[in-house]
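Sequences and hints are given; from them, build the entire structure.
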Amino acid sequence: MARTLLIAEHDGTQLNPSTARCVSAAVQIGAPVDIVVFAPDPAAVAAQAAALSGVARVLTVAHSDHAHPSAATLAPQIVALAAGYDAVLMPSTTFGKDVLPRVAALMGAPQVSDLMAVLGPRSFKRPIYAGNVIISVSVPAGCPVVATVRTASFQAAAGGGDAEVQAAELTAAAAPSHTRWVSLSGGDSDRPDLQSAARVVAGGRGVGSAEQFSIIERLAERLGAAVGASRAAVDAGFVANELQVGQTGKIIAPDLYIAVGISGAIQHVTGIKDAGTIVAINKDPEAPIFEVADLGLVGDLFKVLPELEENL
Amino acid sequence: MKILVTLKRVVDYTVRVQLARGGSGVATDGVKMSINPFDEIALEEALRIRERGAPVSEVVVVSIGDDACQAQLRTGLAMGADRAVQIRSAEAVQPLHAARLLHALNQREAADLILMGKQAIDDDCNQTGQMLAALWDRPQATFSSKVELDHAATPPVALCTREVDAGLETLSVDLPAVITSDLRLNEPRYVKMPDIMKAKRKPLDVVEAAELGVEAPPALTIDAYEAPPKRSAGRRVADVDELLAALRERGVL
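For the protein sequence lines, the chains are A and B, in the order given.
The numbering of the first sequence is this note's numbering, which starts it at 1 and goes up by one.
The numbering of the second sequence is this note's numbering, which starts it at 1 and goes up by one.
Be aware that one or more of the hints could be misleading.
As the list claims (entries may be wrong) - Straight-line distance between alpha carbons at most 25 Å, and here's what the computed SDA-like set of lysine to any residue pairs gives:
(1) K273/A <-> A20/B
(2) K146/B <-> R48/B
(3) K146/B <-> A67/A
(4) K273/A <-> D193/A
(5) K273/A <-> L247/B
(6) K146/B <-> R222/A
(7) K273/A <-> E310/A
(8) K146/B <-> R50/B
(9) K273/A <-> R235/B
Claimed, not checked - Pair by pair, the computed Cβ-Cβ distance ranges are:
(10) A227/B <-> G276/A: 18 to 24 Å
(11) D67/B <-> A83/A: 40 to 46 Å
(12) R250/B <-> T171/A: 30 to 36 Å
(13) E221/A <-> P194/B: 51 to 57 Å
(14) G120/A <-> A153/B: 47 to 53 Å
(15) A210/B <-> A141/A: 23 to 29 Å
(16) R48/B <-> G224/A: 42 to 48 Å
(17) D67/B <-> A62/A: 51 to 57 Å
(18) G120/A <-> E211/B: 34 to 40 Å
Unchecked claim - Computed from the model, here is a short list of chain A residues facing chain B with C-beta under 8 Å:
(19) P110
(20) P140
(21) N311
These are calculated hints, taken from the structure and not from any lab test.
Beta carbons: idealized from backbone N, C-alpha and C, even for Gly.
So, in structure tokens, the structure goes:
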């Protein structure tokens with residue numbers, strides 16, 4: 001019987017919200033969905049995965065080297081597990097993008113990157129040219145489906161599931177010595193997560209400086225929103241790279257996206273196309289961001305934002 | 001130390017891509033073609049590694065394609081690569097096929113470091129580097145925004161800062177390895193006219209893809225091309241009050 005294997009993304013204690021969205025894509029493929037959790041102590045994450053509606057089984061692979069597993073560590077183990085499956089999925093996050101092609105190469109299978117719609121068990125839509133063109137692709141017969149899922153295209157699977165959790169029949173492997181994890185420096189975790197937040201306030205080059213970016217952060221805090229940025233703002237050093245929204249940053253789908261001082265380059269717009277409501281605030285009435293915004297306000301952000309905060 | 005850099009010929013990033021008439025593909029006739037920008041960054045990094053003092057014996061640029069890709073290889077030579085190899089293939093190849101061809105070529109070249117763009121801006125696959133590392137059974141450091149090489153170590157080690165969703169991750173990998181570049185790794189140099197002239201005299205070898213003895217892997221079939229759903233422009237509001245009223249009306253506040 002056909003089965004789908006999904007590799008969980010997590011930080012050791014919390015399941016990443018991208019996994020729940022990936023489950024929705026997996027369910028549409030139509031076969032029972034198993035999630036595998038690689039971790040030093042997988043119990044907590046496995047319990048969260050088991051609660052996702054639509055998940056048949058949760059498999060765990062425990063090993064101390066899985067605290068910061070490299071693609072080189074995970075890929076052969078995923079390939080060994082995948083022997084019993086017709087489809088292997090990961091979210092199209094930097095984690096999934098790093099690991100899954102390595103899996104596909106070892107399996108001798110082509111990979112569907114950024115799967116955005118399921119047309120059938122072996123047929124999918126995906127974006128190319130920064131989302132300017134959408135293609136429908138089919139996986140050839142006799143070949144497993146290997147795909148990263150564009151999480152902004154799918155709703156998160158609901159909770160309330162009660163899948164069985166069991167240790168995978170797999171010998172956990174130690175990491176190869178040629179790759180060593182050194183460190184991770186991340187932004188502050190007090191704010192809502194940009195990838196999964198319902199509201200996002202993002203700033204661009206128009207904000208002017210790292211100091212002035214606090215005006216974006218204040219509005220975000222007031223709205224309970226995550227903070228995002230355009231590539232121009234990141235390149236200019238206003239904020240850290242993990243806040244970048246767009247083709248090479250994060251592709252997001254919040255209910256409300258407020259673009260402040262962002263001109264709206266196509267690479268940026270690619271990252272927000274699935275947002276519910278897009279608001280643009282820009283002093284340039286010709287800025288391309290207005291072509292995609294549901295609500296546009298032409299004005300000086302340093303006047304508009306304080307007024308907005310005051311009247312919320 | 002030998003560094004191999006892959007260069008893909010793609011539609012220039014400034015071109016607004018259009019569907020071909022009849023929806024059979026993407027219109028490329030008469031469209032400006034360039035080196036994939038991420039690959040250009042990868043080549044720049046290879047050149048800087050040498051300029052920072054690493055004992056780099058050779059920087060070799062490789063492309064897979066028909067003879068048109070020689071233009072991009074010449075640009076790579078003008079930037080400062082020493083030698084170019086075209087893997088001649090009349091057909092466009094998908095990432096796994098590309099990785100197998102590159103792996104086969106590398107059996108001859110025996111590179112110590114393979115630098116690649118993290119993705120090509122045409123198919124946006126983001127696969128080939130990782131696939132090549134898998135076939136080679138060597139480390140990968142994808143989406144790198146900083147590369148520090150300790151060439152005196154045995155084996156040489158690359159300390160790579162990677163742009164990941166959670167922030168900046170640092171990996172230490174033994175060479176040989178595959179490193180793929182993110183946008184902020186560097187800003188590629190401009191090519192000067194004398195370098196373009198000099199590049200014409202640098203070696204550009206052609207290897208037939210069929211000669212590399214690679215089995216073509218299963219490939220995805222492309223069933224249809226279509227334009228993305230359009231997001232139409234909404235309306236302009238005059239002031240903050242009107243904006244707030246509209247947001248409340250939509251139920252998003």
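Practice problem: Any hints from earlier that this structure breaks? Give me their numbers in increasing order, please. | Solution: 6, 7, 12
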